[in-house]
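Could you build the full structure based on these sequences and the hints that come with them?
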Amino acid sequence: MAKKCEMKLLGSGGSPFVTRVKFVLKLKSIDYEYIKEDLANKSELLLTSNPGLQKVPVIFHENEQPISESLVIVEYLDEILPNVHPILPLNPLDRAHNRCLAYYIDTVYCPWLKKFMLTRDSEKKEDMKRLIIGGSAMLEEAFVKLSKGGTFFGGDEIGYLDVVLGCYLGWFKFYGIVFGFNVIDEARNPRLAQWGKSMWSHEVIMSVIPSDEIYMNFFKMLPGFLPPRHVHA
Amino acid sequence: MAVKLLGIWQSPFVLRVKLALSLKGVEYEYIEDDILNKSSMLLQYNPVYKKVPVLVHNGKPMAESLVILEYIDEIWKNHPLLPEDPFEKARSRFWAKFVDDKFVPMIIRMLRITSDQKDNAAKETREILKTLEGSLDPNKPFPEDKSLSFMDIAIVWVGYYTQMLEKMLDVKLLDDENTPLLNTWFRVVLNLQVIKECLPPFDKLLTHYTNFHERHTTAS
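As they're listed, the protein sequences go chains A and B. Positions in the first sequence are counted from 1; adding 1 to them yields my numbering. Positions in the second sequence are counted from 1; adding 181 to them yields my numbering.
Think of the hints as simulated: they come from the structure by calculation, not from any bench. Accuracy of the hints is not assured; some may be wrong.
Listed next, the stretches of chain A that the computed footprint assigns to chain B, with coverage defined by at least 3 CB atoms under 8 Å from CB atoms of chain B [to be verified]:
| id | stretch |
| --- | --- |
| 1 | 62 to 69 |
| 2 | 75 to 85 |
| 3 | 98 to 109 |
| 4 | 169 to 179 |
Computed from a predicted model, the values in this text were never measured in an experiment. Cβ atoms here follow ideal geometry from the backbone N, Cα and C, with glycine treated the same way.
As structure tokens, this is what we get:
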């Protein structure tokens, strides 16, 4: 049952952070208006609503001021509708571990992924690859611990870290296609690989992850664009 | 003791945690980490990230200062740090993150800056400070000891460390014409009793970072 909340989301197609917010909006059945932003040609709305950062996603809820930063938005959505598909766990220690891992994903792991994509230096690319492989191993361990035998980080249901890491799944697939590099590898990270499959076949997640074309278009917009060596049809 | 805090004296992130524990009257054991030797405590409690602060509560460790602040607020209910209202909470979290995302790289840059680059860096810092000033409500009274919030303790370190950089590099960062409200806010809040008790000594901080700067900018 959809909940009318007068919610607007300002976003751009391939951004994992926008995908993250879309996941939560859909899981909580929050109706919203999607406003597409052209990051190459930033709108007045974006420039005025996200001071100093000018980044998507931004949400506008009813008469409140805009809110930006995907993790801040995720917690906000969880707090305004705590009883519809809760995202964060209830226990303070679990919440701390979840938030800490999210911080790691966004401030350490994600920058490695970006650097890997953008660097033209083959040695640096290999360095980034090694770091990412190490990061994925750490995430595999974290998954085993936090899922407590369940299908998702959140256990039997999709939770905070599923949303935080899951928004990159489209990118992971793209890295496999374009670079031949499996960020989550079935041999190295078996539980995470299984998690990835479960996420892809989840009806909400499946309906929100952007198409390959969007990733390619988004990729082309980033500075230091490097044409892919080959793209499978 | 049930609560241990592993830290280093000069870290503004450790300062945040000290402030939160102090405001809530939580007794804790502070352990100064020997960071250059990566003491066994850090390897034991934070093997993955190897960073301070680490809060250990009933034997369970956790890292990242803002994550720790939220945990502290959820466990000890007196002197609530975050507001009740979800939107105001989001606002607090946004500005805390803004400060980390924008100031931390800037400060790291300044600590290694050469004299030909410092004016540009100072200009960029003043712009970030101008944006930060937008977080303050000019109609709201300045915080007092008993009303310090999550956002206040997440941000206050910027004023102190900026003053230190000004002295160290002989640059103007807290310009009264550029950020009059923010400068006054910093002056008032840095003078509050509970803040003063937790701040590392200014001269010690200045000496420490001046030496750091010299080591990183002198040609070998």
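Q. For the stretch 62 to 69 of chain A, do three or more residues have a beta carbon lying closer than 8 Å to a beta carbon of chain B?
A. holds (count 5)
Q: Closer than 8 Å, Cβ to Cβ, for at least three residues: run that test on the stretch 75 to 85 of chain A against chain B and report holds or violated.
A: holds (count 4)
**Q.** Verdict on chain B covering the stretch 98 to 109 of chain A, where coverage means 3 or more residues with a C-beta closer than 8 Å
**A.** holds (count 5)
(Q) When I compare C-beta atoms, does the stretch 169 to 179 of chain A have three or more residues closer than 8 Å to chain B? (A) Since 0 is below three, the answer is violated.
Hint 4 from the list above is the single one not met by this structure.
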